[in-house]
Every structure is written in C-alpha cells, then in structure tokens.
Amino acid sequence: MKNSTDRQEKIVEIIGGQTGSSSWSNWRWQAAHVIRDIDTAARLLGVTFSQRERKAFLRTTARFPMSITPYYLSLIDTDDLYNCPIFQQAFPTEAELTIVKQDMRDPLAEDLDSPVPGITHRYPDRVLFHVSNLCAMYCRHCTRKRKVGDRDFIPDRAQIEQGIRYIEETPAVRDVLLSGGDPFMMSDEKLDWLLTRLRKIPHVEIIRIGTRTPVVLPYRITDELVEMLARHHPLWVNTHFNHTREITESSRRALAKLADAGIPLGNQSVLLAGVNDCPRIMKQLVHRLVQNRVRPYYLYQCDLSEGLSHFRTPVGKGIEILESLIGHTTGFAVPTYVIDAPHGGGKIPIMPNYLISWSTNKVVLRNYEGVICTYEEPESYKAVFCDRNCTQCQLTLKLDSADEWRAVGIEKLLADYDLTTALIPVDNERSARRVS
Numbered sequence: 001m002k003n004s005t006d007r008q009e010k011i012v013e014i015i016g017g018q019t020g021s022s023s024w025s026n027w028r029w030q031a032a033h034v035i036r037d038i039d040t041a042a043r044l045l046g047v048t049f050s051q052r053e054r055k056a057f058l059r060t061t062a063r064f065p066m067s068i069t070p071y072y073l074s075l076i077d078t079d080d081l082y083n084c085p086i087f088q089q090a091f092p093t094e095a096e097l098t099i100v101k102q103d104m105r106d107p108l109a110e111d112l113d114s115p116v117p118g119i120t121h122r123y124p125d126r127v128l129f130h131v132s133n134l135c136a137m138y139c140r141h142c143t144r145k146r147k148v149g150d151r152d153f154i155p156d157r158a159q160i161e162q163g164i165r166y167i168e169e170t171p172a173v174r175d176v177l178l179s180g181g182d183p184f185m186m187s188d189e190k191l192d193w194l195l196t197r198l199r200k201i202p203h204v205e206i207i208r209i210g211t212r213t214p215v216v217l218p219y220r221i222t223d224e225l226v227e228m229l230a231r232h233h234p235l236w237v238n239t240h241f242n243h244t245r246e247i248t249e250s251s252r253r254a255l256a257k258l259a260d261a262g263i264p265l266g267n268q269s270v271l272l273a274g275v276n277d278c279p280r281i282m283k284q285l286v287h288r289l290v291q292n293r294v295r296p297y298y299l300y301q302c303d304l305s306e307g308l309s310h311f312r313t314p315v316g317k318g319i320e321i322l323e324s325l326i327g328h329t330t331g332f333a334v335p336t337y338v339i340d341a342p343h344g345g346g347k348i349p350i351m352p353n354y355l356i357s358w359s360t361n362k363v364v365l366r367n368y369e370g371v372i373c374t375y376e377e378p379e380s381y382k383a384v385f386c387d388r389n390c391t392q393c394q395l396t397l398k399l400d401s402a403d404e405w406r407a408v409g410i411e412k413l414l415a416d417y418d419l420t421t422a423l424i425p426v427d428n429e430r431s432a433r434r435v436s
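According to my numbering, the sequence shown holds residues 1 to 436 in order.
None of these hints come from the bench; they were simulated from the model.
A couple of the hints might just be wrong.
Distance condition first, Cα-Cα at most 20 Å in a straight line; then the derived EDC-like pairs of lysine to aspartate or glutamate [unchecked claim]:
id: 1; residue 1: K55; residue 2: D37
id: 2; residue 1: K283; residue 2: E320
id: 3; residue 1: K10; residue 2: D39
id: 4; residue 1: K362; residue 2: E376
Quick list of simulated restraints, FRET-style, between CB atoms [unchecked claim]:
id: 5; residue 1: E376; residue 2: V116; range: 51 to 59 Å
id: 6; residue 1: G344; residue 2: S50; range: 41 to 49 Å
id: 7; residue 1: T329; residue 2: E376; range: 23 to 31 Å
Computed from a prediction, not measured in an experiment: that's the story for all the values here.
Positions of the beta carbon are idealized from the N, C-alpha and C atoms, including for glycine.
Using the sequences provided together with the hints, build the complete structure.
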C-alpha cells in the first residue's frame, strides 16, 4: 500500500481542497466530497476497472447508490483490492442485484411497528427514533437500504416533533435510541435541540445514539460536538466497527474524545461473509475495541434485506466465533450474538450449548474446554410467598435507592447528611481523662 499521508494529499489534490490536514480533517469537506462514481474512485485509488465491472457498477448504483467518504476510501488496500474488507463494505457489486426468495424489503417490520412516522416501538420500554436519513457513506450491507439516500424518507422538523410528542405521551418509554441514517450527520445545533427536548421528558431515563461516523468519518467527532453531548448525560453511543482495519489513529482519537467526556461506548458488528467471518479476525477486533474503551455489544447475523444474500453466513459460523471467544478472552469482550428476527420479532440471542442435561436436583454443564461437570440444585428451596400485589408488597420488593445514612469512618466526615465532625478512637486516653 502507498503511504497514507501521500494518498490523502493525492485525494485532496484530485478532488479539490487545501493540501495538508486543513481540508482532510474537516468533516464538512469530507461530507461534501463523497465519491459517487466509478471513474473518480478509480482515479483516487490509482486502479483500473474493466468494462464489465463498470457496467455492473452502473446497474447496481441505479438501484443502490454509492457514497464513500474520502477518508474511508483512503483505507482501501489497492494491493489486494477484492479481498480488502474496506472495499467490500464500501464498493457496489452486482451481487446486490440478486434478490433471493428469503429477501424482504423491510425484514425487521420497522414500518409496521411504527405508531407515528419516524418511531419504531417494538419493545415495551424503548423506541427507535429515526431522526436522520443521511449517512456519512452508504454501507453495502445496510439493513435499511430501502430508506438511506431516498429523499422521500428525509424526516423534517414536523415529523421529528411528531415523534417527540409520541414519546411525551407514552410514559412506558424510558429509553430512546436515535438512529437513521446517522444522527451525527445532523448539525450540532439541531442535535442539541433534539437532545434538549428529549431530556425535558420526565420518563425518558437514557438516550442512545447509533453512529458509524467514528468508523467512516472520525473527524465528525469534534471538540464542539463532544462538549455539547456531555451536557445531556446519561447518554450512550454505539459504534459499528466490523474489522480491525477500520480502527485507525483517527478513529482512536474520535473514540477517546467520546470516552473522555464520560460517554459509555458500545459496538455493534455485523457478521459479513468474506469480511469478518473468521474467529481470528473477530477476536482481534474485540481486543482492539476494548483497548479503546469500546465494549463489544452485539454481533448481528446479517439481516434478510434485499441484496444482502452474498454477505450472509450460516448461523453456525457465528456460533463458531463465539466458541473461540467465550472462555478464551475477557468476558466483557464477548459480544452477544443475535438474530434480529424477521417480521419484527426482535433480537434473539444465540449461544453455544453449555447446558447438556438436567434432572430435578442436578444440572449437567460443559465449559469452553469441554470439561463436563454437575451443579447440584438446593435440596430444599422455598420460594417467598407472593400474592402478586406489588403495590403493597411488604416482602423483598425494595426498588427505591437506599439512603446513605450509615456512613462509616472518614465517609462520616465527608457526608453532607451526617453531622459528625470528628472521629475519636474508643481507647483514646485523653477522652478517658475527660470522662473521669
């Protein structure tokens, strides 16, 4: 591969901008100069595509457009173009036009589970809020290919207001996930306005944001954006790294800014054939993530969206990857492998089988090494009687936070609720003399 700095300067020179870092690290310049055609991509990469590849590209992009940030394009390994995981996630292929019988336009039934435009309310206490249709780039494996890039689906202020009203009028909603598109492609001002409105809703406890900008446009994570986000805690951010090659120096800086602002970070990977369907690749990825204070959250089985059949792996491949992680690496570095069930069934966790058998007083288990053992159940287990009258429960249902009224030691002197001003040992001779 060519030196990355040389490639960046070449891309800036061809596209148009100031050489050096001023244009390259400006996220608005990156967003304004996304690559949408094969000729520009070929010139910037310094490669040649055949006539057949060009025709296939035009057929594919007529249905599923291409949009790649200069930054993400610069990561492509031109010495091994067709095996490069960056190239495969960013560049259109004719395989996307193959629609198999299992494919669905809206496999997760997000539109059906939408009480008002922009809101998907599938789980009892949380909603998905589609606040942006714009992404920094179009990922070829996107489950929302039906929406991304389609101007008919761009949510305007009136639609977002409608979504906010639904959340306000639905007290069961305690968790709001902002999605799209990519919420970080909104301006700081608009996102600040939205977060402020949501924060004013008493029953909204947490807000989450799903974004791929740390992966494909890390320069979007500016000091100004992070400062604004930090005003809206508790706030969580989930990223979408699929391969270790996506974790660059720029992405590490972006993640560090978010983490330093006290924002918990998670990662959602998609299992993609030919990209990351390898235990060694996934183990390295989760290790790099936790090094950068990002907890692997989900590993998704690729959805049944139209044109993704070439990316899908057997479920057994995901199980194989989990077998290579559980017990072999840090527990919190192991993502939950899920299938987002068709027809709106939600995320179903898939695990290797560790429970071999069980009887009335024993369970038979195996560990990651294949060691088989038994765990004996309690000989006498008496459940606490429950009359199911939770509002007047006098048993073990203590759900409120405890008051810190039993401070001990130095804590007594620091606690605002304790009036103690001095700690004197019980065998203090001076105290004994005072008593006498």
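Hint check against the structure, violated hint numbers in rising order: Checked against the structure, no hint fails, so every one of them is satisfied.
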